[in-house]
Amino acid sequence: MSQDTTISLKVEFGGGLELLFSNKRSHQLTVPATVPKSTEDNATKQADITFLIRYLRDNLLQERQELFMENETVRPGILVLVNDTDWELEGEGEYVLKNGDEVVFISTLHGG
Amino acid sequence: MADCGNPNVEQDALMQRRKKYDRTRQCVKCHDQLGNVVIRHAVYCKGCFFPTVVGKFRRVLEPSISKDKSKKGLKATGNLCLAFSGGLGSSVLLDLIGSNYFAAEGDAGHDWSRGRGGGTEHPRNEPVWEHATVCYVEVCNAIPGARDRTEEIRQIVSRLASYAKFLPLRLEDAFDHAWWERVGRSKPHGQLFVDLGHQDLLLSIRNTSSSPVAALKAYLASLPTQTAVPTAIHNLIRLLLLHTAQLTNSSHLLLGTSLTSLSISLISSIAQGGGFVVREEAQENWQPDSTSSQKVAVSRPLRDVGMKECAIWAWWRGLEVVGKENYLGGKQGIGALTKGFIIGLERDYPSTVSTIARTCAKLAPKEASDGLCTLCERPVQPGVQDWKERISIRQFDEKAAIARSQPGLIQRLCYACHTTLTSPSSRGGVGQSAIDAVQLPVWVESRVLGSDEMKDVVAEFLLDDED
Ligand SMILES: [Zn+2]
Ligand SMILES: [Zn+2]
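Protein chains in written order, with our numbering: chain A, 1 to 112; chain B, 1 to 467.
Just so you know, the hints here were simulated from the structure itself, not pulled from any lab data.
Where hints are given, some of them may not hold.
[As the list claims (entries may be wrong)] Taking lysine to any residue pairs in the SDA-like style, the calculated list, with each CA pair at most 20 Å apart, reads:
hint, chain 1, residue 1, chain 2, residue 2
1, B, 20, A, 82
2, B, 19, A, 90
3, A, 24, B, 320
4, B, 46, A, 83
5, A, 98, A, 41
Computed from a prediction, not measured in an experiment: that's the story for all the values here.
Turn these sequences into a full structure, and let the hints steer you where they fit.
Put into structure tokens, the structure is as follows:
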């Protein structure tokens, strides 16, 4: 049953974003496969990247959440790769997480 | 402007989510692989991404290098100077230059993601540039709480650009006669000071024993607005780099400015009165003085490559990016506001940012320039003084009447530098004389005192430290 109720993920941070996450680039996570759609009602959805972003903020982020999140998604200037592919090709926040996925968050805000 | 940071939030909630890419998930280049990344609506696979970035980079850089007449290929007329901040763009710049023009012997193939490159200009025998220097300007003394990162940067550069010599500078070198002599200039007599409280920005020479760090701090502290400080720092860095390029006999000074950061600096420069030099902001040729033979071509070979492409490049190539010191100052400075705005715009309307840079590239001032600004050494818009006179109500100032014959810096500044130093909105009227005179960067000294006529006039106003 555990296969169905939880998802194992590898989450990585780059471009300086790791500084907000205990200065650790790579994190191994287990998250629930089904999560509440919103905080208001009991409806559920499959865990997606929108959920993961909130999960990271609530569980792993050490400081200054405004540098990671804005308006329920990542802040502009942060790129997301899912299994080495731009999340813009995967439906962005609506991408449904699968067991063994690798999700990378890279900040571009370090400038030139 | 902060509210414009994310122009699309409300619409997104109402409208169906727009796709960020055109047509299919197939790569637009090979039409074979599924894409891995979306760049301004176009989809690329990982294999096609690397040569696409290299192509954009070389298309900007190589037209500024002359062709070698005898052999095939490119041969620059001087050495190479690379500006490095530790930031994303300049890290990618060092990597691209290394793998395209200085790659190691026995290079087998083009597997970019494995850290090997090599284009057709890749040196078999004859390098495009004989020597390369990586120049880093330490800004810690200009930013409260910042630490000195020179040694950390030296380590990074030794890994990222083993082909180059590392040359660290410090922002306070701009006020250091010893540095000025190191770049081959003659030592001025005394330091040149400017009275920022006076509307003509009166000049005087003093003999002080204050350190370059103290002079730097006093200079920045005397600036009138939050926006002026990062602009002044940016200008000091630019001139330190240009003089270093000259010192190292470089024909090229390359900056790691990406398309995104170029758009940010263009918009923020225009907002601060730098409209006359928008072309120089993108590309310029700098000649230290009319007698020097070597011109320095300042190029931003990443100006068609966005921040997103740089970040993906760095990630896939496994580059170590330490980040640069943020000197944009408070959140309300024009630089910081513009950055927030452009980054938001780039996410939601990715093509708009390249339109900004291209539009600015087409802007050309109508009139020829009146010579160079002594502070930033960029062209001065003709008749800046007439214009300033028309829009500002000059106060009658007894001090001005008395000091009428004392030379002022005001005649020798471009509009943008004048704004940086004085900003009429925040510093008009009362309390002006409270600002003490501050020391100017050494190149201003050299330009002002370079003409004998000026030297004599300013010398009459030679003041002792206890003036
Ligand atoms: Zn392809
Ligand atoms: Zn100027």
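Here's how the hints hold up against the structure:
1. The straight-line distance between the Cα atoms of residue 20/B and residue 82/A is roughly 16 Å, inside the 20 Å bound, and the hint therefore holds.
2. Our distance criterion of 20 Å between C-alpha atoms is met by residue 19/B and residue 90/A, whose separation comes to about 10 Å.
3. Restraint check for residue 24/A and residue 320/B: satisfied, since their Cα atoms lie roughly 14 Å apart, inside the 20 Å limit.
4. Between residue 46/B and residue 83/A the CA atoms are separated by roughly 12 Å; this keeps the pair inside 20 Å, and the hint holds.
5. Of the pairs offered as hints, the one joining residue 98/A and residue 41/A is violated, with about 25 Å between alpha carbons and a cut-off of 20 Å exceeded.
Violated hint for the displayed structure: number 5, the only one.
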